[in-house]
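A.B. asks: Sequence:
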Amino acid sequence: MTNFPSYYYLGGKLILPRPIRTYFDSGAHEWNAIGVRQKLLDLGYVTYMGYDIYQNIEELLESHHYIQEFEIKYSIGALMSELSGRSSDAISDRYENVPLKEMVNDLIDLLAYQYVLPHDGSEHYIIDKNTRFTDLDILKANQWNIVADQCCGNEALFSDNQEYIYPGDEKFIHKFNSSANDDTRFILNTIPYPFQGNPLTAKVIILSLNAGHITRVNEYFAKILQRYPQLAEGVMVFMRDNLRLRVKDFMPEVYNPSDRHPNYQDAFNMLADWYWYDILSKLEKEGLTSE
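Residue numbers (numbering that gives the first Met the number 0): 0 to 290.
These aren't lab readings, by the way, just hints derived from the structure by calculation. Backbone N, C-alpha and C fix where the C-beta goes; we use that ideal spot for every residue, glycine too. Each hint should be verified, as a subset may be incorrect.
[Unchecked claim] List time: in silico DSS-like cross-link candidates among lysine-lysine, alpha-carbon distance up to 30 Å:
#1 Lys202 with Lys247
#2 Lys139 with Lys170
#3 Lys202 with Lys139
#4 Lys139 with Lys12
#5 Lys12 with Lys247
#6 Lys222 with Lys174
#7 Lys222 with Lys72
#8 Lys100 with Lys170
#9 Lys12 with Lys202
#10 Lys72 with Lys170
#11 Lys281 with Lys222
#12 Lys222 with Lys170
#13 Lys247 with Lys174
#14 Lys247 with Lys222
#15 Lys12 with Lys100
#16 Lys100 with Lys174
#17 Lys247 with Lys139
#18 Lys100 with Lys72
#19 Lys284 with Lys247
[Unchecked claim] Computed spacing ranges between beta-carbons, pair by pair:
#20 Thr130 with Ile204: 18 to 26 Å
#21 Pro18 with Asp108: 30 to 38 Å
#22 Tyr219 with Leu199: 27 to 35 Å
#23 Arg17 with Pro166: 30 to 38 Å
#24 Asp182 with Tyr6: 36 to 44 Å
#25 Phe132 with Tyr165: 16 to 24 Å
#26 Thr214 with His64: 52 to 60 Å
#27 Asp127 with Asp88: 15 to 23 Å
#28 Arg226 with Thr130: 46 to 54 Å
#29 Met269 with Arg17: 48 to 56 Å
#30 Ala179 with His64: 33 to 41 Å
#31 Pro18 with Lys247: 22 to 30 Å
#32 Val97 with Tyr165: 25 to 33 Å
#33 Ile137 with Ala77: 34 to 42 Å
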């Protein structure tokens, strides 16, 4: 079992566990120290955690002037061949005149698709055409479980000092937010909605606009809701179960609609419904109707 903190960190800093030439210089003796699959696992983990492998490659080329860029590309091609199932020659032809940085980015994209770090502490792995997935495997690979664990109590309805981000995405989210305007930036201090309902069991999946952030609902109403712990906890239980792929319904069912007392299902639906109310109101103002 891989001890991730001791294997991929040194003094609290994220590192590759072996010299950079082990991963990107097939002409070096270091290349043969580990197999291609272990290289991909190492690269998969560090890139998942936000590590900049391109910076390492730049430093390698600057410090070893006898190493040519095409040699680095050939080595990356061997890694991409293992991930994609395409021949190294086909990959070399594809990237012959492509900037090195673009090729590195494509390698990172492939790793993002095929590297899996289970949240339960079991061994990480690379998905390939022979990988057989069960529902349990998907549940283990679902890192939103970690975010759900962070959303304890009802503070995550709207927090003044916490952020809730998918593990490994912190660097990219913060970089995007640093230049995004208020309409497009990610809101990080409330429990996220990556999906609603359970995509693992759904018969139909609809891709829609991001639910967005409405201040009067996601901030003001959330703060009001926090004053009613029982209602707030009911909402949070459903939302945490949603992240964990445990819910059975798209929206929580109101079990006793004739009850005049408020219930957490109504509270959740108020949080979710206002976005669509705003969107439809804008369409109506533009002269569009359901007819």
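A.B. asks: Each of the hints needs a verdict: does it hold here or not?
C.D. replies: Evaluation of the provided hints:
1. Lys202 with Lys247: Since the Cα atoms of lysine 202 and lysine 247 sit roughly 12 Å apart, the hinted pair holds (cutoff 30 Å).
2. Lys139 with Lys170: Holds, because 24 Å separates the two Cα atoms, which is no more than 30 Å.
3. Lys202 with Lys139: holds (21 Å)
4. Lys139 with Lys12: At roughly 26 Å apart (the allowed maximum being 30 Å), lysine 12 and lysine 139 satisfy the hint.
5. Lys12 with Lys247: violated (41 Å)
6. Lys222 with Lys174: holds (28 Å)
7. Lys222 with Lys72: Not OK: lysine 222 and lysine 72 at ~53 Å, beyond 30 Å, violated.
8. Lys100 with Lys170: At roughly 18 Å apart (the allowed maximum being 30 Å), lysine 170 and lysine 100 satisfy the hint.
9. Lys12 with Lys202: Judged against 30 Å, a Cα distance of about 43 Å means the pair is violated.
10. Lys72 with Lys170: holds (26 Å)
11. Lys281 with Lys222: holds (26 Å)
12. Lys222 with Lys170: Holds - the C-alpha atoms of lysine 170 and lysine 222 are around 28 Å apart, at most 30 Å.
13. Lys247 with Lys174: At roughly 35 Å apart (the allowed maximum being 30 Å), lysine 174 and lysine 247 break the hint.
14. Lys247 with Lys222: Satisfied, since the Cα-Cα distance of roughly 27 Å is no more than 30 Å.
15. Lys12 with Lys100: holds (24 Å)
16. Lys100 with Lys174: holds (18 Å)
17. Lys247 with Lys139: holds (18 Å)
18. Lys100 with Lys72: Between lysine 100 and lysine 72 the Cα gap is close to 10 Å, so the pair holds against 30 Å.
19. Lys284 with Lys247: Roughly 36 Å separates the two Cα atoms, so the pair is violated.
20. Thr130 with Ile204: 18 to 26 Å: holds (21 Å)
21. Pro18 with Asp108: 30 to 38 Å: violated (25 Å)
22. Tyr219 with Leu199: 27 to 35 Å: Because 33 Å falls inside the window, the suggested range holds.
23. Arg17 with Pro166: 30 to 38 Å: violated (23 Å)
24. Asp182 with Tyr6: 36 to 44 Å: holds (42 Å)
25. Phe132 with Tyr165: 16 to 24 Å: holds (20 Å)
26. Thr214 with His64: 52 to 60 Å: holds (55 Å)
27. Asp127 with Asp88: 15 to 23 Å: Holds - the Cβ-Cβ distance for aspartate 127 and aspartate 88, about 20 Å, lies within 15 to 23 Å.
28. Arg226 with Thr130: 46 to 54 Å: Taking Cβ atoms as reference, arginine 226 and threonine 130 lie about 48 Å apart, which means the hint holds.
29. Met269 with Arg17: 48 to 56 Å: holds (53 Å)
30. Ala179 with His64: 33 to 41 Å: holds (39 Å)
31. Pro18 with Lys247: 22 to 30 Å: violated (50 Å)
32. Val97 with Tyr165: 25 to 33 Å: holds (29 Å)
33. Ile137 with Ala77: 34 to 42 Å: About 29 Å separates the Cβ atoms of isoleucine 137 and alanine 77, which means 34 to 42 Å is violated.
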